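Chemist: Using the supplied hints, reconstruct the complex from the two chains, each of which is provided in its own coordinate frame.
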Amino acid sequence: MSFLIDSSIVITSQILFFGFGWLFFMRQLFKDYEVRQYAVQVIFSVTFAFSCTMFELIIFEILGVLNSSSRYFHWKMNLCVILLILIFMVPFYIGYFVVSNIRLLHKQRLPISCLLWLTFMYFFWKLGDPFPILSPKHGILSIEQLISRVGVIGVTLMALLSGFGAVNCPYTYMSYFLRNVTDTDILALERRLLQTMDVIISKKKRMAMARRTMFQRGEVHNKPSGFWGILKSVTTSAPGSEMPDLTLIQQEVDALEELSRQLFLETADLYATKERIEYSKTFKGKYFNFLGYFFSIYCVWKIFMATINIVFDRVGKTDPVTRGIEITVNYLGIQFDVKFWSQHISFILVGIIIVTSIRGLLITLTKFFYAISSSKSSNVIVLLLAQIMIGLIFRACTLSPPYC
Amino acid sequence: MASLDRVKVLVLGDSGVGKSSLVHLLCQNQVLGNPSWTVGCSVDVRVHDYKEGTPEEKTYYIELWDVGGSVGSASSVKSTRAVFYNSVNGIILVHDLTNKKSSQNLYRWSMEALNRDLVLTRVLVTNGDYDREQFADNQMPLLVIGTKLDQIHETKRHEVLTRTAFLAEDFNAEEINLDCTNPRYLAAGSSNAVKISRFFDKLFEYLFTPVILQKSLTWKESA
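Sequence lines, in order, name chains A and B. Heads up, the first sequence is in full-length UniProt numbering, so the first residue is 1 and it goes up one at a time. Heads up, the second sequence is in full-length UniProt numbering, so the first residue is 1 and it goes up one at a time.
Chain B extracted, bound-state conformation (with noise of 0.2 Å):
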């Protein structure tokens, strides 16, 4: 097992939308029998396998913090959850896609976990203040999943699609969209595990970057 201190990916997003299911798909690959409410914060891990297929292929873990609760949350629960946030290597943001405002919440939860310090300052943000620029120069890997996508009839999947479609891209992310009782949408070789498996694959790429050249890569955008 290759020693790395730590790879920790949050997963966030609204009550009710299925992030302990999810996490329980993606490290036991079976369907969670029983959700219910996430007080505080759940851990998993899940063993992924780095360059899968070639040479220089190597295992490592990946803890998966689900935090539970709401953006609305009192500012006492905030600064309380403001404790799991600390370096964080990758997030993973979660919505429903029968709810359309649980993906609008999502520009606050990232901001939430971006930017501890408005947090513990008590600054509210709102979605008018979402700033893109913040998410332009953002090199931490995001990833967007939709769930209950069963839910969705079949005549509106697509305006429900394009929709996602664009939240993806507000994020500079890439987006899945699954079912979390289904095991068949993680299958192996499907697209949604290759994209997984990327997503993965480019936290430790993250990592392993030196920060000297992670700092003078914003310097240049931002020159």
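Pulled out of the complex, with its shape left as it was, chain A reads as follows (with noise of 0.2 Å):
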């Protein structure tokens, strides 16, 4: 009975996380594009709705609430699904649609994925080798090999994050790198770029009319192509022709229309400069410069502790948070059980650091993908994202037990 109440309960928040999921999809993630593959859409939520169960599992067994042999029939539940969609759908799936991108493959679209798909298979079975996985208990084609293989790429993938992370986050923050942007310099680029633009005009008029003037003579339109063509328009010169300054003026076209999209570039480059510039001068911006300079000189002071522990071999016995209320208890003298209120309050940290590992994943898979994303490969990211989401949220989860 007590069983039904549980399930009932884990299944409905199932089900909000995934209404979540969607909305998050269709109003965030794909606000310029249209769905037209309902199935990325409905993986994406499903993947989102079961890593929060996994989250919500974790929580309930800290707190003890719910039977605990519905919570453990329900974790392995949650895990066959997620290891199901994690290796055998997602990779699947980013494959067809890698494949359907291309316009040459598109006939033999399925078995070109199942190849893709494979070489996926093989590649993730060789990654357990250099670690020490196999062991005689379980056999080869079970869960455990699995579970290890994906928390190896959860925790790379997690470390290089939060590397990246550690160092973009002061350099976004801080004043101290933006470079002195005047409107004048803006204006100069500009200038310089429209210049280059009318440039690229007058010589394409050119081109234009000599092409015409061709047509109504009804001369044989005989376009040099390739490297051969390009020799034999160099060699012989037909009277009369303007082919080899057509080429020519070509050429100069193809290097003036790279000039003018770097100077677009850098004039883009400009203005994001001067509105760093101007949000540096609020009060918010001050608030995050001086947070910018905390965590710089935090992170390096990690970097460094961590190098010693690796050097010297050092293994930590107690977590931080255990460690800092002991000290700051010695150094004040109070009356304090340590070993009952730390474990709360690892909880509490916990808690906290999972929704805004949460919120700040969401915030940067949205930036991410508008920052990379087209019409075309719309669905091939979202998907890799996807994957990246439930990797992570395993090494999260499957590590995090030591702090309670």
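Worth double-checking, as some hints may not be accurate.
Calculated cross-link-like contacts (lysine-lysine; reagent style DSS-like; alpha-carbon spacing at most 30 Å) [said to hold, decoys possible]:
1. Lys107(A) <-> Lys58(B)
2. Lys78(B) <-> Lys101(B)
3. Lys284(A) <-> Lys274(A)
4. Lys78(B) <-> Lys205(A)
5. Lys203(A) <-> Lys100(B)
Cβ-to-Cβ under 7 Å is the rule here; a few derived chain B residues that face chain A [said to hold, decoys possible]:
6. Val43
7. Val47
8. Ser79
9. Thr80
10. Val83
Rather than coming from a laboratory, the hints here were simulated on the basis of the structure. Just so you know, these numbers come straight off a predicted model, no measurement behind them. From the three backbone atoms N, C-alpha and C, an ideal C-beta is built for every residue, glycine too.
Modeler: This is the structure:
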């Protein structure tokens, strides 16, 4: 009876998470695109729902809510479903969408995506070789094998992201790194950009006129294409033909267009820097600037400590929170039951870390997605992000119990 | 060659709708072999005969400015794009017939180009603020082009075309639906080619009307 109640609670929360993931997908990620393949949206929402359920089950475990046997059952079920999605469905779909973007291979989409999936499985298996995962207790095709491999990938990804965040965060927050950009700089660049466009236009006008007169004269338009064509056009000079001139002008135009692209990107960069300067003058900006200094010092100290730990082969015995509380208590001389309170405080900290990491993850996902997606690659990128999301959450789930 | 300072037409639309292919088709009468992302702005030139077939026929150059990017870009990119919107004589709005969002974004694109001041003060314009009045007395010639017509199935064609007819009516503009990989759609003498010719002719009529006359026209309508 209690099992039914517990299951219904868990399933209701799962449906809620599913709805939230669906809304997030529609409103935030795919704001500017049209969803044509509903499979992508479903997979993303399902992944999100099951990952959040895992967090929920951990919190229930700590708090002691619900029956322990039903918790165990749901945990196992969640694990199986997530592994299924992570290892079978998402890579296959990613391969499928990547292949369907390439025009040439459109006909043989299915067999090629199966091939890609098999390659992925091979590398995935090979990943576990350097690590002591294989033990005589469990067989080859057991869940432990899969989990350990996923854990390895998750930890690596988390470390990479944290490292990147540690360097990027101070860089964006601190105003020390901001160049001084004035309006005159921007205006000068814009003028150069427009001048380049004018030169391109005048050259294109010449080409268009030349092409038109040739067309009217009824000459055969034998455009020299490829390497041999260009060689031919250089050596032979047909009477009254303007072909060599056109290829020369075309090359100049290509170079100028490249220049205009660079100028455009530089101008956009200058505008972004100017906005950052204005932002740093506001109150919020000053606050983040201070945080940036604080974080950079903290990160440097952490790197230093980690290096020493690795070099001198030291292992931390107690977790930082307990140690911190011990030191504070001894210093202040207060009567404090350290063990009792540290557990609860650790749990609260873990909860905060989990919530902020989900929120930060969603925000980073959105920013990343906007930066690199286009109408063709949007599907692929969403699936990749779903894959990464599960990997990260796995790591958090399997390795955070030491805090509890 | 008649000497005019410049005739500038903007080609606006979401990423991936086919603006570069369209511009290439219009200017060089050839299909673009390898379309890639447009960074910044790419320009091409079309030679146009104004008042073709009449004794007053004159040849002009029309510059087609294909501006890349999406409506949801960062405001720094939008400010950089705004430099291309100076002294524009006409706008071609391109949307993808297979993607409804690209048609809806056309309102935001036109607001961004026509109201440069809004871009610079970073006022967000959404669909709800779209002001029909502003387009009613807008004299700048607009043309709405829908691409990827070949990817629409026969059965759905009718409803898609009705939707785009409403869209063109909202902008008070002509509309053309075509497939940029098939030069047949713009073959000389076809109805699409005639519409394009008429649009370009309208540009010159708008140019040749003295500015004072234009202003008095708008005053008369708002009075």
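Chemist: Each hint needs a verdict: does it hold in this structure or not?
Modeler: Against the structure, the hints come out as follows:
1. Lys107(A) <-> Lys58(B): 49 Å, violated
2. Lys78(B) <-> Lys101(B): Status holds; Cα separation ~19 Å.
3. Lys284(A) <-> Lys274(A): Given that 30 Å is the threshold and the Cα spacing comes to 16 Å, the pair holds.
4. Lys78(B) <-> Lys205(A): 28 Å, holds
5. Lys203(A) <-> Lys100(B): Status violated; Cα separation ~37 Å.
6. Val43: Holds, because the Cβ-Cβ distance from Val43(B) to chain A comes to roughly 5 Å (cut-off 7 Å).
7. Val47: 5 Å, holds
8. Ser79: 5 Å, holds
9. Thr80: Since the shortest Cβ distance to chain A is 4 Å, the answer is holds.
10. Val83: 5 Å, holds
Hint compliance for this structure: hints 1 and 5 are broken, all remaining hints hold.
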